[in-house]
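Visitor: Sequence:
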Amino acid sequence: MRKKQMESRYSKEIHRLYLQMYPRLFEYARSSLMNDALAEEAVHDTFIIACQKPQALCNSINPEGWLVITLRHVIANTLRSQEGARRILGEYLALSSEDLSVTHDQMDFELLYHDIAEMEEFKLLKEMAMEGQSYLEISENRGISVAACRKRMQRAKEILRKKLKI
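Taken in order, the sequence shown gives residues 30 to 195; the numbers are from this note's numbering.
Because the hints were derived from the structure by calculation, they are not lab data.
Calculated cross-link-like contacts (lysine-lysine; reagent style DSS-like; alpha-carbon spacing at most 30 Å):
{"#": "1", "residue 1": "Lys191", "residue 2": "Lys155"}
{"#": "2", "residue 1": "Lys191", "residue 2": "Lys180"}
{"#": "3", "residue 1": "Lys155", "residue 2": "Lys186"}
{"#": "4", "residue 1": "Lys82", "residue 2": "Lys33"}
{"#": "5", "residue 1": "Lys180", "residue 2": "Lys155"}
{"#": "6", "residue 1": "Lys82", "residue 2": "Lys180"}
{"#": "7", "residue 1": "Lys152", "residue 2": "Lys180"}
{"#": "8", "residue 1": "Lys152", "residue 2": "Lys186"}
Modelling step: build the complete structure from the supplied sequences, incorporating the hints.
Guide: In structure tokens form, the structure reads like this:
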């Protein structure tokens with residue numbers, strides 16, 4: 030019974046913090062990520078972490094600060110993920126154009142990179158890296174969960190790393 034009481038207390042505290050902190054956390058994330066959808070996703074990920082670690086949050090001397098620090102880490106991971114996707118994609122495009130000795134302006138992108146352009150994984154990377162879409166936007170557009178989208182993105186990066194041999 031004691032465990033259920035603690036879980037209920039944690040749940041109420043997280044709910045209170047969500048109502049209190051969401052607008053501030055969203056504004057902070059939006060100013061860092063420059064994208065509403067990515068900011069919303071980052072704040073939601075922060076509260077998912079809070080739900081996974083309720084004791085750490087609720088027993089913190091400063092739970093609001095705990096959330097801000099967690100959000101900073103989520104933002105850093107988001108930026109790192111996007112930069113990684115851009116870097117991998119850029120390296121592949123650079124290597125492919127060297128192989129064909131053709132500039133991007135001379136040929137249509139889809140024609141130039143037809144070997145991987147039709148791959149579902151490449152389309153995911155392109156949506157994130159070049160179009161700036163968030164995991165949430167991509168998952169909603171494709172009718173899949175955010176977790177499935179993240180896993181597919183991970184596989185896409187692995188495929189391109191293998192092609193680039195990095």
